[in-house]
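Asks: These protein sequences, in sequence, are chains Z and H. Start counting the first sequence at 1; every next residue gets the next number (my numbering). Start counting the second sequence at 1; every next residue gets the next number (my numbering).
Simulated from the structure, these hints should not be mistaken for lab results. All values derive from a computational prediction rather than experimental measurement. Errors might be hidden in some of the hints.
If you anchor each label on the Cβ, the simulated ranges turn out as follows [claimed, not checked]:
#, chain 1, residue 1, chain 2, residue 2, range
1, H, Ser16, Z, Pro245, 38 to 48 Å
2, H, Leu110, Z, Lys231, 48 to 58 Å
3, H, Phe106, Z, Trp162, 24 to 34 Å
4, Z, Leu2, H, Glu192, 31 to 41 Å
For every residue, glycine included, the Cβ atom is placed at its ideal position computed from N, Cα and C.
Here are the chains, one letter per residue:
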Amino acid sequence: MLKYSIRRLLGMIPMLILISIVVFTLAKLMPGDSLSGEIDPNNTNPEYIAEMREKLGYNDPLPVQYFNWITGFVQGDFGKSTKYKRPVFDVIMEKIPNTLFLGIMSLIITYILAFMMGMYSGRKPYTLGDNAIAGINYIMLAIPSFVAAVFAIYFFAFNLNWFPFGGSVDILVETGSAEYYLSRLHHVLLPALVLGAMSTASYTQFLRNDIIENSRKDFVRTARAKGTPIKKIYNVHILRNSIIPLVTFLGFDFAALIGGAIITETIFTYPGIGMLFLDSVNVRDYPTLMALTMLLSFLTLAGNLIADLLYGIVDPRIRLE
Amino acid sequence: MASSNTITQQQKPERSLSPWQIARRKFLRNKLAMISTVFIIIVTALSFAAPFLAPFLSPLPDVARVNIGSMNIPPNSEHILGTDKSGRDVLTRLFYGGRISLLVGFSATLMVITLGTLVGSIAGFFGGFVDNILMRFTDFVLNFPFLVFVIVLNTILRDTIDGVSVLIIVIGVLSWGGVARLVRSKVLAEKENEYVLAALSIGCSPLKVIRKHLLPNVMSTIIVQATLIFASMIVVESALSYLGFGVPQSVPSWGNMLSSANEPDVLQGKPWIWMPPALVLTCTILSINFIGEGLKDAMNPKSLR
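Isolated chain Z, as found in the complex (with noise of 0.2 Å):
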C-alpha cells in the first residue's frame, strides 16, 4: 500500500506543474497586473508603470518571471488582492472555515439522508417506499442545483421564515457566544441541505443495489441459517460490506463540492471562498482570481489522490496494476 500511495503520490507532480504553468499563462492572458496587484490600477501615469513593471521583473523572460512566481506561491506569497488592498493569501484565509464549515456539513447530511435512504430501499427493493425513493433521487440528480437552491430560498426562507435566506451568520450576536454558532449553524444549515442533496442520489442508488447484490452472497445464508434476526443481518453484517466500496466516492465529492460551493454561495450570498471567487472576477481583482484557481485546481487533485488512494485501500487489485 505504501508503495502505491508514493506512486500515486509522484504522479501528481506533474500534473501539479502543467497545472500552474496553464494558471501562469492565464494570468498572463490577463489585462494588467494580475499576479502581484502591486501596481495600482488607477495610476494611468506610464512612467509609474513602467517603473513598477521593471521593478516586478515583468520584463524578465516567462520563464524566469514563472519561477519566481511559482517560488513565491509555494511559499504563500499569492500577491496583494486589488480589492482589498491586502494579501490575497490572508483574505482567502479569512473565508475558508466558511467552506469547511458548509463542505463538512453538506457531507454529513448528505451521509444522513443516503443511509436512510439506501438502507431502506435495499432491504425492500421494488417495493412501493423504493420506487418512491428512486423516483425523488431521479428528480433530484436532475434539478440543476442552482434552481434547487432559488426554490429553497423562496419556500424555506421567504415563505415559512424558517431558515435566514443568506449570510453566514447574524450581524446582532456576540461573537463566541452560544448564540454565535447556533446562529451560524442555522444559517449554513439550507445552503448545506441543497449542497447535501446533490450527491444524496448516486450514494443511495449505489448503497441500494451494493445492499441488494450482497444480500444474495453465502454468509447472509449461513447468518440466516445460523438464526440470526434478520435486522441484526442487514444492519451489521451486509452494511459493513456495502459501507467500503461508498467510501471511494468522498474524493470524488471534493471536487464536485468546489463546483458547488461556487454557486451555492453565491446564491446563498454565503461568503467563503466560492463566493470569493466569483467576486474577484467581477471586480476584476485578478490576483485573487488566479491564487484561487490554483488552489482549487490543487483541492481538486487532491480529491482525485485520496479517492485513488482509498480506491487503492478498498480494492487491492488497483494496487498492483
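Following the hints, complete the assembly by docking chain H onto the known chain Z.
Replies: For chain H alone, kept in the frame of chain Z given last:
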C-alpha cells in the same frame, strides 16, 4: 435463423430484426421515455418557432426592447405569464430563451462527443505510446476544476469573440475527458474481436477499421452518453448564465431569465418572472435524462423489456 432440419425449412425464414429495429421497438414501448420525447419535441419546436409565434403571444413581441410602461405586470389575459422588470413579456422570452439554451447545449454536446470519440478511439485502437500520451492528456483535462476554468477562460476571451460561441468552445474543450475514457475502454474491448484482425489482415487502413468496424459497435454507448451530456450541458449553460458568466445578458436564455431571481424582491414577490424558466428547465433536463435511460435500456441486448 431457424434450425435447418425442421419442417419450416422450405418456407422462407422470417428476417430477423436488426439491433437498431429491436432497440426502436423497445424504446417505443417505454412510456416514460416516449412522453419525454414528445415533451422535448414540443419544447424544441416552440423555441425555434419563437420569431414567428412572438406576434401572436403578446402585444410586446420584441424581446430586446425595454418597455418602461409595462414593467412587472403579473400574469393576465394580455401577458399570459406577465412581464419582467424591464417590461418584456415572460412567455415570449421563455420561447426565445429555449432556443439559445438548447442550441448551446446541443453544440457543446456535439463538440464534446466529437473530441472525446476522436481521442478515445485513437488511444484505444493504437495502444502503447499513443495511448499513454493521449490518456495522460485526458487525465490532465479531467483534473481541472471545470466550473472554475470555464469562468476564468470565459472572462479572458469574452471581450474578443462573440459571447455565445466562446461559451460553447470553452465548455466543449474542458469536458471531453469523460467521453474519451469511455470510448477508449469500449474500443479496447472491441478490438480484441476476430473481425478486427480479419479487416486488418486484408489490408484495411487503421482509419477505416476505426470508422467502419469499431465505431458502429460503440455507437450505442456514445449515443446514450451524448443524451446525458446534452442534459448536463444545458445545466452548465444555464448555471453560468445565471451567475452572469454565460451568454451575454442581452441574449435571452433560461439561465439569464432565472438570474432575475438574484434580487430578493423579485424572488419573493414576483415568482412569475423566475418560476416559468425554472420549471421548464427542470422538466427539460428530467425529460432528456428519461430519454437517455430509455435509450440505454433499449440498446442493451440483455434487457428483456
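Asks: Give a verdict on every hint.
Replies: For each hint, the structure was consulted:
Between Ser16 (chain H) and Pro245 (chain Z) the beta carbon distance is about 40 Å. The supplied range of 38 to 48 Å therefore holds. As the Cβ distance of Leu110 (chain H) to Lys231 (chain Z) is approximately 52 Å, the hint placing it in 48 to 58 Å holds. A hinted range of 24 to 34 Å for the beta carbons of Phe106 (chain H) and Trp162 (chain Z) is inconsistent with their spacing of about 40 Å. Taking 31 to 41 Å as the suggested C-beta distance range, the pair Leu2 (chain Z) and Glu192 (chain H) conforms, at roughly 35 Å.
Hint compliance for this structure: hint 3 alone is broken.
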